[in-house]
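Let the hints inform the model, and build the full structure from the sequences given.
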Amino acid sequence: MSEIENRGYVNPAVLVSTDWVADHMNDQDIRLVESNEDPLLYSSGHIPGAVEVDWTRDLNDPVRRDYLGREGFEALMRRIGATKDTTVVFYGDRNNWWATYAFWVFQLFGHDKAKIMDGGRIKWVNEGRPVTRDAVSYPASDYTAADRDDARIRAFRDEVLRHVESNRPLIDVRSPAEYTGERLHMPEYPNEGALRGGHIPGAANIPWARAVREDGTFKPADELRGLYEKEAGLKPDDDVVVYCRIGERSSHTWFVLTHLLGYSQVRNYDGSWTEWGNLVGVPIER
Amino acid sequence: MAAVPEKLNDTLESLDLIADRSERIQTLIDISSRFEEVPPRLARRPFPEENKVPACESEAYVFGEVRPDGTLDFHFAVENPQGISAKAMAVLLDTLSGAPPEQVAEIDQDIVYRVFGRELSMGKSMGLMGMVSMVKNMARKFAESREGR
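The listed protein sequences correspond, in order, to chains A and B. The first sequence runs 1 to 286 under the working numbering. The second sequence runs 1001 to 1149 under the working numbering.
Misleading hints may appear alongside valid ones.
As the list claims (entries may be wrong) - Just so you have them, the derived chain A footprint on chain B, three or more residues with Cβ under 8 Å:
#1 1024-1030
#2 1091-1101
#3 1121-1135
To be verified - Residues of chain B placed beyond 10 Å of chain A at every Cβ, according to the derived structure:
#4 PRO1005
#5 ASP1020
#6 ARG1067
Simulated from the structure, these hints should not be mistaken for lab results. Small disclaimer: the values here were computed from a predicted structure and weren't measured. Cβ atoms here follow ideal geometry from the backbone N, Cα and C, with glycine treated the same way.
Here it is as structure tokens:
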């Protein structure tokens, strides 16, 4: 049994180790995808064969606050040479924060042949494994996608309002200072892009990064259950909404709850605090 | 918008000419490779909290050193080994060394967007703007102390 399998996850196959990636990086049916917050990182050196998926240019609609549509996703998959049979392995900076975000967006289109490289970019680099600045391109595929399905794993504000009114659980994955509404902004800079501070009523605060260990790998299942079930009081069959500021950090927690702990009803509210903290008349707790 | 000190302005104008995103990224990576950490004679680890840039995920630090001509030299540390944008920003801000502190105090934080574009996460924007803000504040306080205010 591998070290990842020993951690007790419900779906251990969704995570792959750096060793596994090193052994499979040249497989035809594997596509490595690097997704970072820092726009310079990929070009400064990436795993050989990995393509970049940029969270703003590739995953967001260029005009509306929304994700790309079916045609955009098809174009993206064709560009990276992925087919329906391609297993996409995501990794990135910031403990895979942006990798899980990309993973979540891919799930909106039902591309479930997807995995995360445990430990992310920093683990690969710290292990002295090869990186390259070589440009990567693949022959375009003929990928066809279904329409984006938001219903299963994405929550919108009206749904969240009803969720609050019916006392169902929410997890706010921001820092404690953001959760309490303490202002953290620097002089001359807006506070998190929201007019009000605080959190959605009833939300428990479990900062996203508490799910990872010092080396960036995910904590074992029993430790994760300690966080989400003992501290936050969740149960695996709960209808859960997770949120942060724009839905990126909370996609990491969505990944943990859904894929590592096997929760069946977790939705990511990507409107998150930048929407809720600006809405007129919605309830806020501090 | 306040005038940008000459050396930084020259660099920004050069960057403005690079329309291609990949080329701009390569240029910024090259710039980041020129990063030199604050010399040990000025600061050693653990670096003082007062020099730490608030909200910077790359754990950047800014230090000022008074020059004989009455201006400041700026020095930086970036603790996150993946903090490549912070290192590029530090190299650019280092060009403010020797500029009139009153002028440094007036530079616009939006130079971050001019350098990196608007497609930055808010966290990254805040960190990089925090570096600019710290340099500005350091210059402003130095200028005020020099004038006996």
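Hints, verified against the model:
Proximity of the region 1024-1030 of chain B to chain A, defined as three or more residues with a beta carbon under 8 Å from a beta carbon of that chain, is established by the 4 residues found. Beta-carbon proximity to chain A at under 8 Å applies to 0 residues in the region 1091-1101 of chain B; the threshold of 3 is not reached and the given coverage is violated. With a threshold of 8 Å between beta carbons, the proposed coverage of the region 1121-1135 of chain B by chain A holds, since 8 of its residues qualify and at least three are required. Here B/PRO1005 stays apart from chain A, with its beta-carbon at least about 19 Å from theirs, past the 10 Å limit.
No Cβ of chain A approaches the Cβ of B/ASP1020 within 10 Å, the least distance being about 12 Å, so the stated non-interface status holds. Against the 10 Å criterion, B/ARG1067 stays outside the reach of chain A, whose nearest CB is about 26 Å from its own CB.
Taken one by one, the earlier hints fail for this structure only at number 2.
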